[in-house]
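Listed below, chain by chain, are the residues.
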Amino acid sequence: MTTWFHWIDLAGVAVFAMSGTLMAYKKHMDGFGVVVLAAVTAIGGGTLRDMILDLPVFWVKDPSFFYAILAAALITIVWLRVSQRFPLRYLLVADAFGLAFFNVMGLQKALTYGASPLVAIALGTMTGVFGGLIRDVMCREIPVVLKGELYATTCIAGGIVYLLCDAFNAPAYTAMVMAMLTTLFARLAAMKWHWHLPVFEAGTKLD
Amino acid sequence: MTTWFHWIDLAGVAVFAMSGTLMAYKKHMDGFGVVVLAAVTAIGGGTLRDMILDLPVFWVKDPSFFYAILAAALITIVWLRVSQRFPLRYLLVADAFGLAFFNVMGLQKALTYGASPLVAIALGTMTGVFGGLIRDVMCREIPVVLKGELYATTCIAGGIVYLLCDAFNAPAYTAMVMAMLTTLFARLAAMKWHWHLPVFEAGTKLD
Amino acid sequence: MTTWFHWIDLAGVAVFAMSGTLMAYKKHMDGFGVVVLAAVTAIGGGTLRDMILDLPVFWVKDPSFFYAILAAALITIVWLRVSQRFPLRYLLVADAFGLAFFNVMGLQKALTYGASPLVAIALGTMTGVFGGLIRDVMCREIPVVLKGELYATTCIAGGIVYLLCDAFNAPAYTAMVMAMLTTLFARLAAMKWHWHLPVFEAGTKLD
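Protein chains in written order, with my numbering: chain R, 217 to 423; chain Y, 217 to 423; chain U, 217 to 423.
Simulated from the structure, these hints should not be mistaken for laboratory data.
Honestly, I wouldn't trust all of these hints.
Intra- or inter-copy, both count: the list cannot distinguish identical chains.
Computed cross-link-like contacts, DSBU-like style, restricted to lysine-lysine with a CA-CA straight-line distance of at most 35 angstroms [as the list claims (entries may be wrong)]:
1) Lys277 - Lys408
2) Lys408 - Lys242
3) Lys243 - Lys277
4) Lys325 - Lys408
5) Lys242 - Lys277
6) Lys325 - Lys277
7) Lys408 - Lys243
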């Protein structure tokens, strides 16, 4: 079970690293920029979570995450050099799986180490979205998670489902699966039907 | 006394969260962007301080800060939807109170955990201004604290007053109040009379 | 030996602080902006490394780093006010020395506290380049380390040399000197002959 989890974790890291590599590609960065953006996107959220919870950062004693990042970056680079097309659609679907997994893992880790429920939802969401947020800030984009698209909100929804399952004494495993499915399907539905949160309409005068 | 402090702390967090919400409004962000910007502005400085001092981050086991942030963001959003005007002036005055309070709290926490005086001033200032700095970086603004206006410098002034009081063996309570008043009035005066620090004049050639 | 190291460390911090001050000058920042940018550039990388390794941050109990930063910022400001020219060339050479030193110090600290070799290379590189990266992000520049120039890659080369020396049972002191010289000369050569890493060519369609 633990090994199985570790593989999902590595797969999630690889998917996020690919999205960082693609951003580096769009911004015409060099070889090192690719590795930094890939790494920051993949492990940024979990690193911040562990620092805030005052725990050892998960990748310091386990180099397998770095191998996953390097492999994902390399595959993406080779793909972009060889092929004329990149299947962004499939990457976004894979990203939804990664988001769902990271969110629930972060939430659980926060609960295990004594965070209150609301804080645990925040830390789970942070685990899922913060890597992409730092990636965007580094590339001088306004972070996508701050604008229109339904992304982080699906993490919050998953977190609420987890806590509800917990409140009704569902076993931890059930709560995890329910929460992951909630985030996953909410995200896939948002992508399919272009769900958006209401954006502020400018109109009030600030003075 | 501790309870009383906690309420001031929450009020400061709420004021800072309002300024984050206003920035999200100016940048046309969605519901989640508002919450992220509000939270980052409100607790970013204190989070970094606690991570640097290697202490448990203050909001992990106390969800009241998150409730304050959510309430402040909600009130601001409703206000902006209902009213045609937002009292930015009053918010800036409230922000000066929050700045003064956070600065001295950060300074004291740093001193308590063994930071040297100069480092404690830096950490107090960081507590006061870093949230706003991250907010601006996320929104692709050059941080206001790095430009012209007298903001962070009032924190440094407050910190020096604290250490002077301490050097003359004033009781901790007196030092706190004196330092807060220094930061508060310096900030209010800077706002009223548009005090600026000298900005570099471009002229030297870099080669 | 320890004292001697501390002086090199302070010199490296001062050089990095100067490059932060110059950036503040280019961006027309005020007195406080200068200090923040100088400090962030000088100690940002080491601070992040210590937080990730869950160690006490190196400057919290030792104010000498802050004195070095303030002195470096002051000297740079006075220079820019008095002189018509700034010797950017010499600063870049000094920066290469600082980079080589910080990289190897970071690598060693990471190895000492149990990081795996690959992670140690990453943390050494981070110590060397992260301060400059945050400086650039704060100033809304795309970080130079992410673009074209051979900078961070010289840290990785130095790290590999260190681990190779270690694998052949060279004494720690030899490994350190060899790694520093590798990073230093690779960086100086990259500056002299304008070495670049291959940058992505845009051509593949993302869809």
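Hint check:
For a Cα distance limit of 35 angstroms, the shortest separation of Lys277 from Lys408 qualifies neither inside one copy, at 39 angstroms, nor across copies, at 38 angstroms. For a Cα distance limit of 35 angstroms, the shortest separation of Lys408 from Lys242 qualifies both inside one copy, at 24 angstroms, and across copies, at 29 angstroms. Taking the shortest alpha-carbon separations for Lys243 and Lys277, only the intra-copy value of 32 angstroms comes in at or below 35 angstroms, while the best inter-copy value is 40 angstroms. Taking identical chains as interchangeable, the C-alpha atoms of Lys325 and Lys408 lie at most 35 angstroms apart only when both belong to the same chain, with a minimum of 31 angstroms there against 48 angstroms between chains.
Taking the closest pair of Cα atoms, Lys242 and Lys277 come within 35 angstroms of each other only inside a single copy of the chain (32 angstroms); across copies the shortest separation is 41 angstroms, beyond that limit. Within a single copy, Lys325 and Lys277 get their C-alpha atoms as close as 18 angstroms, and across copies as close as 14 angstroms, so both meet the 35 angstroms cut-off. Taking the shortest Cα distances, Lys408 and Lys243 sit within 35 angstroms of each other both inside one copy (27 angstroms) and across copies (26 angstroms).
Violated hint for the displayed structure: number 1, the only one.
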